[in-house]
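Turn these sequences into a full structure, and let the hints guide you.
Residue 397 in my numbering sits at position 397 of the sequence shown; the count goes up by one each step and never skips.
Be a bit skeptical, because a hint or two may be false.
Subject to a maximum C-alpha distance of 27 Å in a straight line, what follows is the list of computed DSS-like cross-link-like pairs (lysine-lysine) [what the hints assert, rightly or not]:
#1 K264 x K109
#2 K109 x K270
#3 K180 x K385
#4 K109 x K314
#5 K270 x K197
#6 K385 x K203
By construction, these hints were calculated from the structure, which means they are not laboratory data.
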Amino acid sequence: MRYLKDFRLITLAFVSLTFLFQSCGLRNTKGQLVGVSGRMIWNHPQPYGTVNIPTGTFHMGQSDEDIIYALTSRPMQVTIQSFFMDDTEITNNEYRQFVYWVRDSIARKTLGDAWVMENANGDEYINWRTKLDYELPEIRENLAEMFYQGNEVFEGDLYEFDVRKYIYEYQWFDLNEAAKREYYELNRKGTPVSREKFIRNEKVRIYPDTLCWIRDFTYAFNEPLTQLYFFHPAYDEYPVVGVSWIQARAFCHWRTKYLNDYYKSIGMPKVNDFRLPTEAEWEYASRGGRDFSPYPWGGPYLRNSKGCFLANFKPLRGNYSEDGGYYPVRVTSYFPNDYGLYCMAGNVAEWCDNAYDEGINSVIHDMNPYYFRNVGDEESRASIKRKAIRGGSFKDVGYWLQNGTRSYEYQDTAKAYIGFRCVMTYMGRSIKDKNSNY
Numbered sequence: 001m002r003y004l005k006d007f008r009l010i011t012l013a014f015v016s017l018t019f020l021f022q023s024c025g026l027r028n029t030k031g032q033l034v035g036v037s038g039r040m041i042w043n044h045p046q047p048y049g050t051v052n053i054p055t056g057t058f059h060m061g062q063s064d065e066d067i068i069y070a071l072t073s074r075p076m077q078v079t080i081q082s083f084f085m086d087d088t089e090i091t092n093n094e095y096r097q098f099v100y101w102v103r104d105s106i107a108r109k110t111l112g113d114a115w116v117m118e119n120a121n122g123d124e125y126i127n128w129r130t131k132l133d134y135e136l137p138e139i140r141e142n143l144a145e146m147f148y149q150g151n152e153v154f155e156g157d158l159y160e161f162d163v164r165k166y167i168y169e170y171q172w173f174d175l176n177e178a179a180k181r182e183y184y185e186l187n188r189k190g191t192p193v194s195r196e197k198f199i200r201n202e203k204v205r206i207y208p209d210t211l212c213w214i215r216d217f218t219y220a221f222n223e224p225l226t227q228l229y230f231f232h233p234a235y236d237e238y239p240v241v242g243v244s245w246i247q248a249r250a251f252c253h254w255r256t257k258y259l260n261d262y263y264k265s266i267g268m269p270k271v272n273d274f275r276l277p278t279e280a281e282w283e284y285a286s287r288g289g290r291d292f293s294p295y296p297w298g299g300p301y302l303r304n305s306k307g308c309f310l311a312n313f314k315p316l317r318g319n320y321s322e323d324g325g326y327y328p329v330r331v332t333s334y335f336p337n338d339y340g341l342y343c344m345a346g347n348v349a350e351w352c353d354n355a356y357d358e359g360i361n362s363v364i365h366d367m368n369p370y371y372f373r374n375v376g377d378e379e380s381r382a383s384i385k386r387k388a389i390r391g392g393s394f395k396d397v398g399y400w401l402q403n404g405t406r407s408y409e410y411q412d413t414a415k416a417y418i419g420f421r422c423v424m425t426y427m428g429r430s431i432k433d434k435n436s437n438y
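Here you go:
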């Protein structure tokens, strides 16, 4: 009987171990290579407000005579991987969501206790479930440092937020630095390089520079736009401006974290980062599948068959309102291109991710071309502060609206005529493909 009892215990232990292995993703594979079990079926979810740009090849560069002989974009054939792109420029209201998130997170950290919680590992996180009412006297008293103080108080408003304190702190991993051959050689020789060397910490004041409306236009009356363009509901669907390249990148990081935190909460894997488009991606998307087309709508003209202008720019001899716009207009004011993208020409110019160099088309790769130097690299910082902008704006003549025309501004400058939109690399061959297993 004892041996029978021991046999039963051994059998029970074997069955338990078998169940444990299966629950951990191991199964009876009969010695065959079948991959890890329990992997979910997954298709790349399309971010809200974006369109999918398919993988394709196009001729990058000027499609028409370079009338100013700048020779800044030598034509070349390149291939671009599929990606998602915002169908409009980021609006004031969308950027305001970022601003409010930063404001509210700072407030909750300042209040502490019920506003900042700890998880099982002892890590702190912000409690977003508790409503934060800035009208409550006790809240205002505890957040006094977030308001203007002393002689900076204007017209007796003691509870006006000091927007200079809206600072977004984040980290990013410098893959370009980590990929340098010197570190590869060290790792290959058995001298591992600490990844701490490649972690970058950023602190960015994220509030738009509303004074750019006055600074960018000498001897022009733009005070009303300075006072209300970013604040008033009338401008909610207008493109955000006064945002530097550095601030735009901070927005992309926040947007990525905001989405991936949600996916994590429902048990979904994270997705690629939101980021600014490369110049090649921007131009490819702007053409809308029409190779060699001078403008996003395809034709060589700035008017349609009815004589109406097709974008918000500076037409004729400077009759700004002739095209239906004056300053920036709503982001969906003109017809989209064949990919469904609005205002790829005119309205506001748009930041691209890469650094600007006049002759870079001679050296960049023909597959996902990209020119970039590390933002944290002090030695090269001065030479790569110029960041590419594309698309032209409400203040520009037609030449700057062309798909292949390039220009730049410095990464830490904020202009009244520059906005941005985000992209995300698509994971897969085509959005039309649907995975049946993973």
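Comparing the hints with the structure gives:
1. K264 x K109: Holds, at roughly 22 Å.
2. K109 x K270: holds (26 Å)
3. K180 x K385: With a Cα-Cα distance of about 21 Å, the restraint between K180 and K385 holds, given a limit of 27 Å.
4. K109 x K314: Outside the cut-off at roughly 47 Å; violated.
5. K270 x K197: holds (25 Å)
6. K385 x K203: Satisfied, since the Cα-Cα distance of roughly 18 Å is no more than 27 Å.
Hint violations for this structure: number 4 only, all remaining hints satisfied.
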